[in-house]
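Asks: Protein chains in written order, with this note's numbering: chain C, 1 to 169; chain B, 1 to 106; chain V, 1 to 628.
These are computed hints drawn from the structure, not numbers from a lab.
Since the model is a prediction, treat every value here as computed from it, not as a measurement.
Hints are all accurate, no fakes.
Reference excerpt, derived from the structure (chain C facing chain V, CB under 8 Å, subset only):
| hint | residue |
| --- | --- |
| 1 | Ser89 |
| 2 | Ala92 |
| 3 | Ala96 |
| 4 | Leu99 |
| 5 | Leu100 |
| 6 | Ile103 |
| 7 | Leu104 |
| 8 | Ala107 |
| 9 | Arg110 |
All C-beta atoms, glycine included, are put in the ideal place defined by N, C-alpha and C.
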Amino acid sequence: MVEIIFYILSTITLGTAFLTLLSRNPIHSAIYLVICFFSLAGHYILLNAQFLAIVHIIVYSGAIMILMLFTIMLMNLNEQVEKHKPTLSIVAAVGAFCLLGLILLSALVRTQPMVETYYQTGDDFQSIKVLGQVLMNEYLVPFEFVSVLLLVAMIGAVLISKKEQLKTK
Amino acid sequence: MESVLQQIGIESYLYLSALLFCVGVFGLLLRKNAIVMFMSIEIMLNAVNLTLVAFSTLHQDAAGQVFVFFSMAVAAAEVAVGLAILVSIFRNVRSIDINELKNLKG
Amino acid sequence: MDTTLTLLLVLAPFVGFLSNIILGKKIAGNFSGYLATAMVLISFVITTIFFIQINNGGVAKVISLFKWISLSSFSIGMDFYLDQLSLLWLMFVTGIGFLIHMYSISYMHDDENKGKYFAYLNLFIFFMLVLVLGKNLLVMFIGWEGVGLCSYLLIGFWFKNQSFNNAAKKAFIMNRVGDLGFLVGIFILGYYFNTLDFVELSNIFKSGEGLAQVGILSIAALALFIAATGKSAQLPLYTWLPDAMAGPTPVSALIHAATMVTAGIFMITRLDFIYELTPQVSTLIAYVGGITALFAATIATVQNDIKKVLAYSTVSQLGLMFLALGLGAYQVAVFHVITHAFFKACLFLGSGSVIHAMGGEQDIRKMGGLKKYMKTTHFTFLLATLAISGFPPLSGFFSKDEILVAAFHQNKFLWILAALASILTAYYMFRLYFLTFHGKFRGTEHQQNHLHESPSLITFPLIVLAFLSAFGGIISLPGNSNWLHSYLVPVLNTPVEVHHLDLASYLLMAAAIVGALLGIGLAYSKYMTKKQVPVEDSQLSGFKLFVYNKYKVDELYETIIIKPISAFGTLGKNYIDPAISGTIFSLASLTNTIATQGRKLQNGNIAFYLFVFVFGICAILFYLFFTR
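Please model the entire structure based on the sequences and the hints provided.
Replies: This is the structure we're talking about:
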């Protein structure tokens with residue numbers, strides 16, 4: 001049962017990922033990517049990381065992808081048709097993809113995980129409560145830094161996309 | 001209830017993430033629309049997040065998921081700033097085709 | 001105390017050189033000249049102090065400054081040797097140098113580079129001092145090279161004229177050819193006898209050890225004689241001296257009459273113990289000297305430039321000195337060096353005065369009748385001319401007579417050569433004198449208005465030198481009480497042959513006087529009574545033209561030596577140089593090609609960069625997971 005769910009979710013993930021790349025229209029790509037993120041959230045739920053799944057949906061599908069969609073619409077890209085790429089670059093891309101895939105997968109096949117049995121201590125290690133405690137106790141400093149990072153990103157984004165004002169004499 | 005991993009095995013998750021990562025790379029090399037390249041980068045980041053969560057479950061450690069938080073935060077910040085830059089470039093060059101953004105030519 | 005004084009003696013001119021070079025043109029006016037003259041005066045005064053000491057029975061002093069080269073069996077120190085010979089030489093070098101510096105102050109007063117001139121002149125005196133005072137051949141060689149250098153700098157002083165530069169180059173290169181001989185001599189002596197020190201070498205040969213290696217010694221002696229030929233302008237390395245007249249006249253007077261050209265004679269006199277042991281080389285020296293004397297005298301009889309006549313006269317007189325050296329009469333040669341320095345310097349300075357008055361004109365066909373305009377110059381010139389012709393009782397008579405006596409007693413053929421040369425000397429010198437100072441003035445109207453006697457800074461040295469050439473013979477009168485001979489006894493290893501004043505001597509003296517009068521008479525009859533003037537260059541023909549063109553020796557050298565070397569140089573330029581530089585450049589162009597191809601990696605194409613990223617990651621992963 002779980003396996004079937006896993007395989008369905010994996011298919012959706014990979015399929016939509018491919019479709020993201022292969023669509024002509026950038027808006028279609030964005031939509032496919034949203035679906036991909038949803039399926040990934042499903043994977044997280046399957047792995048019993050519920051909080052993370054919800055956060056994933058909120059942040060990625062709900063914020064980042066919306067931002068991208070807005071940018072696409074701002075630049076009116078749905079009307080454009082991409083020029084034909086030279087064959088060599090397509091071949092090179094496919095070749096690189098296959099090469100990287102080959103190496104990664106074969107590396108993973110060769111290295112077996114050291115644990116033979118998947119232990120299950122029964123302790124709660126990933127509920128919100130525990131997650132919050134770990135975050136605030138051991139990873140407090142990175143947490144603060146992340147807040148600074150987000151602040152900087154906010155300021156940066158606003159500053160960079162401001163229109164230059166012509167100096168009026 | 002048995003752990004998911006006991007039923008599926010960690011290898012499957014790792015293969016999935018690896019494949020997803022390669023798909024992201026593929027997209028990066030294939031497309032020349034900058035926005036779609038951004039999306040490919042997001043795919044890659046998510047592949048990594050999936051790996052992290054899988055290992056977090058394997059080791060019964062919350063650190064993996066905490067790292068995923070940070071990864072998501074960084075991804076969000078990066079998208080914001082990156083899109084702002086893109087918009088700025090678009091205003092100047094009127095195109096986001098990376099083949100036209102070649103001013104760093106040697 | 002002695003060391004300090006010697007250092008002061010040697011370094012004073014060097015300090016003068018440095019100050020004039022460093023302060024240079026900023027010192028306006030004649031200050032550079034006075035500074036230079038003062039430095040030479042300091043040297044002269046110190047020399048006099050030492051000279052008086054050693055003349056009153058002092059011993060030779062050795063001043064060791066430091067050990068220069070120090071190997072296990074061979075060592076050379078920077079040593080100075082104040083013995084009778086070197087002090088005597090220094091007396092006239094610094095004395096005449098001082099007078100010429102004084103002369104130059106006035107002569108060069110309107111030259112813009114006179115700071116440089118006085119610097120070089122001081123540098124020359126410094127090197128000459130090092131040459132004379134050196135206790136071993138290597139220190140002497142430093143001075144030898146140095147005076148050659150200063151000669152080059154001073155001949156080419158008016159560098160804007162290319163022919164002057166060529167003359168300077170010629171002088172320097174011919175000197176260098178001679179210097180090669182000097183080096184060969186140094187190498188042989190150093191290798192076989194393990195020392196270059198004069199005193200040590202003298203001891204080795206006096207004790208008889210060196211006799212076993214006479215063959216090698218002859219080669220060394222010959223090599224050193226070739227060096228002397230180069231420096232003292234004998235056959236075959238004499239052609240630079242007439243061309244060296246391109247320099248300012250005081251330079252010609254100092255370097256090419258009184259001091260530098262006598263360096264060869266000084267060196268051979270220093271090494272008299274070697275030449276005593278190699279009679280073949282000595283004979284060669286005598287013959288070369290005699291032939292040069294006659295040869296140069298013949299050329300001088302038809303020259304029309306006042307300085308060229310004096311230059312060939314110098315070559316001729318130096319030939320006579322070498323004749324004396326070759327015959328073993330070293331004191332006679334030294335005596336003639338001293339008297340020649342006096343009257344030749346006086347003649348050159350006088351000619352400088354004449355040239356100055358004529359506004360730069362040097363052709364004697366355009367002069368004449370200067371007697372009434374330049375009384376002092378005329379009188380001193382006459383005295384010096386009489387001295388060089390061997391007119392008694394002036395100094396030249398005594399010195400030349402001694403050479404003739406020595407030649408007569410040893411080799412009659414050489415005596416004939418020397419006598420002929422003396423007669424010709426009298427002839428051409430008086431030819432020069434009559435054409436310059438007597439008769440009608442043959443120059444332009446403009447020049448005639450300009451004629452005037454030179455200022456006192458010029459005439460004072462002339463008077464002093466004329467006085468010395470008149471009365472200088474007193475230092476070595478024939479007979480038993482000869483001051484010079486007895487003074488040089490501790491230095492020269494050969495026993496002094498004291499010629500008593502017998503009938504043969506008196507007859508020879510009479511013969512010499514007759515010869516001189518013959519020469520003077522010939523000149524008088526040709527140029528005074530018949531009032532002949534030498535013809536223009538274009539009207540010469542035949543043998544006379546050949547002699548006028550210096551027997552075409554320069555052209556001969558040009559063909560057999562210079563042209564092959566130039567051809568070799570051109571070969572190198574056209575073939576060897578491009579080949580070598582081509583290989584070097586090909587390396588450069590290879591790098592360039594690699595770089596140009598490498599540049600294409602940076603094409604700004606982001607997709608390409610990313611592709612390379614991925615490739616790199618694959619490579620790293622491969623390395624990490626599959627090869628370990």
